[in-house]
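Engineer: Here is how the chains run, residue by residue.
Protein chains: 2
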Amino acid sequence: MQNEIKNLLDISKQQMQQVNDIIIKNMQSDIALIPELAGYLINSGGKRIRPMLVCASYGLFKDKQTDSNINHIPLYSACVEFIHTATLLHDDVVDESDLRRGKKTAHNIWGNQATVLVGDFLFSRAFQLMSNADNTEATKILADASSKLAEGEMLQLLTTNNLRTTKDEYVKMISSKTAVLFSASCKVGALLAGASEQDRQKLSNFGKNLGIAFQMIDDALDYLENNDEIDKNIGDDFKEGKITMPLLKVLQDGNDEEKKFLVRCIENMQQEEKDLKTMLQHINKYDAIQYTLNQALKYAELAKQSLTDFENNDYKIALIDAVDYTVKRAK
Amino acid sequence: MQNEIKNLLDISKQQMQQVNDIIIKNMQSDIALIPELAGYLINSGGKRIRPMLVCASYGLFKDKQTDSNINHIPLYSACVEFIHTATLLHDDVVDESDLRRGKKTAHNIWGNQATVLVGDFLFSRAFQLMSNADNTEATKILADASSKLAEGEMLQLLTTNNLRTTKDEYVKMISSKTAVLFSASCKVGALLAGASEQDRQKLSNFGKNLGIAFQMIDDALDYLENNDEIDKNIGDDFKEGKITMPLLKVLQDGNDEEKKFLVRCIENMQQEEKDLKTMLQHINKYDAIQYTLNQALKYAELAKQSLTDFENNDYKIALIDAVDYTVKRAK
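Protein chains in written order, with the working numbering: chain R, 167 to 497; chain V, 167 to 497.
Treat each hint with caution, since some may be false.
[Claimed, not checked] Computed spacing ranges between beta-carbons, pair by pair:
| id | chain 1 | residue 1 | chain 2 | residue 2 | range |
| --- | --- | --- | --- | --- | --- |
| 1 | R | Gly277 | V | Lys179 | 42 to 48 Å |
| 2 | R | Gln364 | V | Ile275 | 44 to 50 Å |
| 3 | V | Lys443 | R | Asp300 | 53 to 59 Å |
[Claimed, not checked] Chain R regions said to be covered by chain V (calculated; three or more residues, Cβ under 8 Å):
| id | region |
| --- | --- |
| 4 | 189-202 |
| 5 | 321-334 |
Worth flagging that the hints you see were computed from the coordinates, not collected in a lab. Glycine is no exception: its CB is placed at the ideal position from the N, C-alpha and C atoms.
Starting from the given sequences, assemble the full structure and let the hints guide the process.
Structural biologist: This is the structure we're talking about:
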């Protein structure tokens, strides 16, 4: 774990213990396979960035905190993680990928059927917990985000194998599929702290731009050899025909032969063993990692700018550091 | 459409028009594939029994109706149908079945990936609509039901191919997978009408027992040749190794050879073309349809008894008739 995220970990530590307790308690079911399958992913070393963002965004407005809402923070943080985990489970089915966080994916062990249903269970459980908490505005933010998220996943499905996808469409897709839940996490934290509508919007923008940068870096890491992240196999996106920023850079700058290579590998999905190595050479030739990193840095900068007006407390420092951590992963 | 359900159709007609409008409006998305795929199932001739139950349960307490809640009736009815449709979409992936309501299943046309995601979209949209309506108690009932429903689907998955499943376990499974949403529909209707906690519980029991009877009859119809229902292919459950009441009757009464036949076909899933015909002969020999119908009639009776204390208005008549319709489908 790098230094930057350590600040975020430190300031949310106490609440994250409560978040973990709520997660463990509420993924239980009489049906033993549910906690077994859910726990497999939940305990697999995810960084829990989203719940930490809820906690830190709340802390940013600590002067405005009221006792009545502080109990909601761990609860809504756990719900965000449940929604995220449900998405990952359904995404694993969708992707037919083999590894997640360096381990076999759930659907490879338990099958598509159980994986979809445990995703449904966690998703329902999140809304069950939220309906008990009874903070309509916060629930609405996460319900809106969930529906956008499903649209984002759908956009990803529709752009897969489609070399006519533009960079704008790619940004729109990752905005929905990733940035929406980052944004909602920050907004919920601000809302529960009693922040003004204007300040909530600033936190929402912070999360959105952080999320876009985060996903771009993730997409760069997929082509980066010897990266420290254990989330993915290198070349997964290539093998699955996914359109990401590094690939779009090669497509933009590549010569005719390189474009034909992409048509065969991505559009027609006719890949051979050695194609990934060739793709990595193209990525290198056109500096596509650095290009993606530069794009991500723009969104990282926008994220930081959203926080300009706030006083420089520990929470703001941790949020800013989280942005730096996000982009440094690919450096 | 038989006479009995006509009463339910008649009394909910006006509100069901609003329900349909809400459904059509809210399944829209910028991503054209979402309404296309969702509409394929939503417009495929489902009877919309669950939303009609919301409307009729509400009507039962019409003296207590307040203006503030009447607008919530079509909305919550539409949400129930969205949750049900999401379940069907995920169920189709899970089941790998080929036909639903006499048509090809969505996953056969658009693939598992899009089908799972559109299910997620409809499910999220339901909670989005409910968070706007802001009736925490009603939302809580449907969130609880959704989480139970996922458990029920999981139980079905775990009992599939398992000949040690008992009749009690079968009833528990259909209680979760089917009866829970019937029960929640009736309870939400009563709640929105301002019924007392005691009366809400009566409606909840009504829906639960109706739901159990409904699923048992569905399971009987799966072995009934020349039935009028277009929901399913005959023998689907057998081919998928599902454990249902008719099969449990054959397992209970069958001789050693017939039990070995079930072990081969259901436990080991080694089936040949002619096996379904043999199974239908066993069903006939042990009167397994009539046996299942008799079990269903017990739950139908319990459903009717739950309404004993209410005055005999049009809504009560329609609810009672819906019970009769449910069981008569297999007569």
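Engineer: If a hint holds in the structure, say so; if it doesn't, say that too.
Structural biologist: Now for the hints, and whether the structure bears them out:
1. Gly277/R with Lys179/V: 42 to 48 Å: Taking Cβ atoms as reference, Gly277/R and Lys179/V lie about 43 Å apart, which means the hint holds.
2. Gln364/R with Ile275/V: 44 to 50 Å: holds, 46 Å
3. Lys443/V with Asp300/R: 53 to 59 Å: holds, 56 Å
4. 189-202: holds (count 5)
5. 321-334: holds (count 3)
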